[in-house]
Amino acid sequence: MDLTVLAVKGLIILAIFGITLLIATYSTYAERKVAAFLQDRIGPNRAGPWGLLQPIADAGKMFFKEDFIPAQASKWLFILGPCLAMLTALMSSAVIPFGDSIRFSWDGVAYDVPVQGIEINIGVLYIFGVVSLGVYGIMIGGWASNNKFSLLGAIRAASQNISYEIALGLSLIAILMMTGSLSLRAIVNEQATFFEWNVFTQPLGFIIFLTCAFAECNRTPFDLPECETELVGGYHTEYSSMKLGFYLFSEYINMFVSSAFISALYFGGFHYPFMNEVSAALEGSLGAVAGHNVATAITVVVFFAKIFFFIFFFMWVRWTLPRFRYDQLMNLGWKTFIPLSILNVVITGAGLLYNIKYTSWLIVVVMVGMAVFSSARAPKQAPVRQQTA
Amino acid sequence: MQLTNRSKQVSHKEMTLAEKMYLPAVVGGLATTLKHFFRKKVTIQYPEVKRYLGPVFRGHHVLKRDEQGRERCTACGLCAVACPAEAISMVAAERKKGEENLYREEKYAAVYEINMLRCIFCGLCEEACPKQAVYLRHDRMVPVFLERDDVVYGKDRLVEKSDDRYVRIANSEVQATPTEPSLTRAAT
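Note that the protein sequences, when read in sequence, are chains A and B. Sequential numbering of the first sequence, starting at 1, is according to UniProt numbering. Sequential numbering of the second sequence, starting at 1, is according to UniProt numbering.
Hints in this document: simulated from the structure, not taken from any laboratory. The model shown is predicted, which means the values in this text are computed figures rather than measured ones. Check the hints yourself; a few may be wrong.
Said to hold, decoys possible - Simulated crosslink set (SDA-like; lysine to any residue; CA at most 20 Å straight-line): (1) B:K35 - A:F312; (2) B:K20 - A:G369; (3) B:K40 - A:R41; (4) B:K40 - A:A30; (5) B:K107 - B:K131; (6) B:K20 - A:T336.
As the list claims (entries may be wrong) - Far from chain B, by Cβ distances over 12 Å, these chain A residues were calculated: (7) G18; (8) A47; (9) M62; (10) S101; (11) V113; (12) S132; (13) Y136; (14) T237; (15) V278; (16) A288; (17) V289; (18) A350; (19) L362.
We put the CB at the ideal spot given by N, CA and C, even for glycine.
Make the full structure from the sequences, and use the hints.
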């Protein structure tokens with residue numbers, strides 16, 4: 001890799017870093033706004049126009065709070081916990097392809113640099129590696145607090161994350177089989193035509209993946225690690241000031257990254273219908289280089305639109321569904337998602353053998369049929385009105 | 001006891017497979033919340049928009065004058081006795097000759113003070129007053145204090161100004177008082 005490419009890559013990585021932080025910051029604002037709108041309220045609107053300075057005010061408040069470390073805590077691990085959470089959250093966006101490629105020529109050499117931190121052929125594996133490291137942030141934080149309840153909370157969080165990571169990985173295997181590659185760019189390019197987006201070829205895998213992504217991000221309805229006051233004794237009970245801020249902030253970064261990941265894996269990434277026509281028309285009118293770059297910019301915008309939709313979806317679900325009980329959560333993960341995703345892998349494999357892409361629908365059809373049949377068979381119970389004096 | 005007709009009987013019966021799949025219920029829930037996204041918001045932007053709280057609201061105290069502009073208070077002290085928070089204190093004085101247009105009775109309150117930190121706005125002073133001199137305004141709240149010296153309200157802030165007479169209106173379409181132009185029914 002020569003120096004020019006390195007410089008452009010550096011710029012792209014810095015841009016991704018900045019954008020990630022910005023989006024995570026304003027996710028906190030969006031969360032409150034969305035919550036307010038879903039509850040017929042207006043939400044923050046005092047700080048700046050439409051309350052746009054609210055995240056800055058929140059951050060300022062967090063910084064000025066007392067930074068407390070319990071006397072018996074393991075001090076360095078206590079500091080390391082939120083750092084790890086933040087670090088792993090920020091690292092995972094490196095391999096996500098945010099758009100097509102930037103074309104330019106420098107010193108007479110034509111370059112074609114993909115809009116992506118690093119293009120590696122094991123992108124999915126890299127993300128899974130980093131995501132599974134995220135558990136350490138939680139676990140270390142809970143353990144270093146030297147508080148039994150924090151430790152229990154951390155164990156709860158860690159076991160949830162680990163359980164759902166299995167189903168997360170298994171649901172993805174069907175896609176990897178269809179693509180034959182672990183590179184995220186290859187997976188995205190596989191979904192060039194609209195009806196071959198993985199959400200259409202892998203509906204069941206998508207639902208499992210989405211649900212597990214919720215659990216991995218510790219979002220409702222799987223937010224047992226995050227709910228601070230309801231289940232007293234989360235892993236960050238002892239944290240205050242910006243250390244707590246880091247934990248909460250890393251949650252929002254995770255939300256952004258997993259939104260990007262979901263859109264890349266299942267919603268065609270930066271692809272949109274009639275992309276080739278648009279790109280050809282632009283290259284025809286603006287020239288091969290400028291036209292291609294404009295087309296790339298459009299792909300980036302499209303990709304971010306998908307990401308924003310999913311961030312909104314995360315929030316939408318958060319303010320709709322009540323949280324699962326811990327045993328329900330474990331049952332759902334181990335007894336439902338893991339078998340279903342293995343079944344999905346088997347069926348997809350059988351389909352690939354005969355070169356049919358849409359075999360995953362078979363499971364969906366059978367399940368809907370079974371559901372309809374079972375509820376038709378269920379005894380109709382006359383509603384009994386209870387009369388108490 | 002049934003409070004609404006929307007109550008549902010809770011049952012412990014086994015869920016059907018369709019119910020166990022959660023997804024139909026989840027989608028239904030999402031649709032419900034999304035509908036609320038576009039509903040009219042109920043928020044009232046408080047300091048800018050004030051809601052009319054009804055004629056029974058108890059706010060800022062006022063010492064009434066009568067129709068001829070004379071102070072009604074005769075410094076009998078019944079309000080101070082009735083006050084459970086002991087917020088009211090007063091010093092009585094005798095009316096001099098030539099002050100008949102100022103005070104209605106021969107005795108009047110030379111000093112009348114209400115400690116707003118103690119006042120609980122219970123309205124017992126209102127009820128105790130035999131001269132209908134003290135009222136709690138239904139249309140004005142006690143402003144926020146910034147200084148500790150501001151919290152004891154003397155006659156300068158309690159006796160109503162002759163150009164700002166207080167009338168209790170039961171009508172919900174109450175018009176704004178001169179000093180508080182934004183007091184209208186919340187229009188959000």
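Cross-check of the supplied hints:
1. B:K35 - A:F312: Holds. K35 (chain B) to F312 (chain A) sits at ~15 Å (cutoff 20 Å).
2. B:K20 - A:G369: 14 Å, holds
3. B:K40 - A:R41: 9 Å, holds
4. B:K40 - A:A30: Status holds; Cα separation ~19 Å.
5. B:K107 - B:K131: Holds: K107 (chain B) and K131 (chain B) sit about 12 Å apart, inside 20 Å.
6. B:K20 - A:T336: 11 Å, holds
7. G18: 30 Å, holds
8. A47: Fine: 14 Å to the nearest Cβ keeps A47 (chain A) off the interface.
9. M62: The claim stands: M62 (chain A) keeps its Cβ more than 12 Å from every Cβ of chain B (closest is about 26 Å).
10. S101: S101 (chain A) is indeed farther than 12 Å from all Cβ atoms of chain B, at 37 Å.
11. V113: 40 Å, holds
12. S132: 26 Å, holds
13. Y136: 31 Å, holds
14. T237: 30 Å, holds
15. V278: 30 Å, holds
16. A288: Holds, since 44 Å exceeds 12 Å.
17. V289: At roughly 43 Å from the nearest Cβ of chain B, V289 (chain A) sits farther out than 12 Å, so the non-interface label holds.
18. A350: Holds, because the least Cβ-Cβ distance between A350 (chain A) and chain B comes to about 23 Å, which exceeds 12 Å.
19. L362: 16 Å, holds
When each numbered hint is compared with the structure, no violation occurs for any of them.
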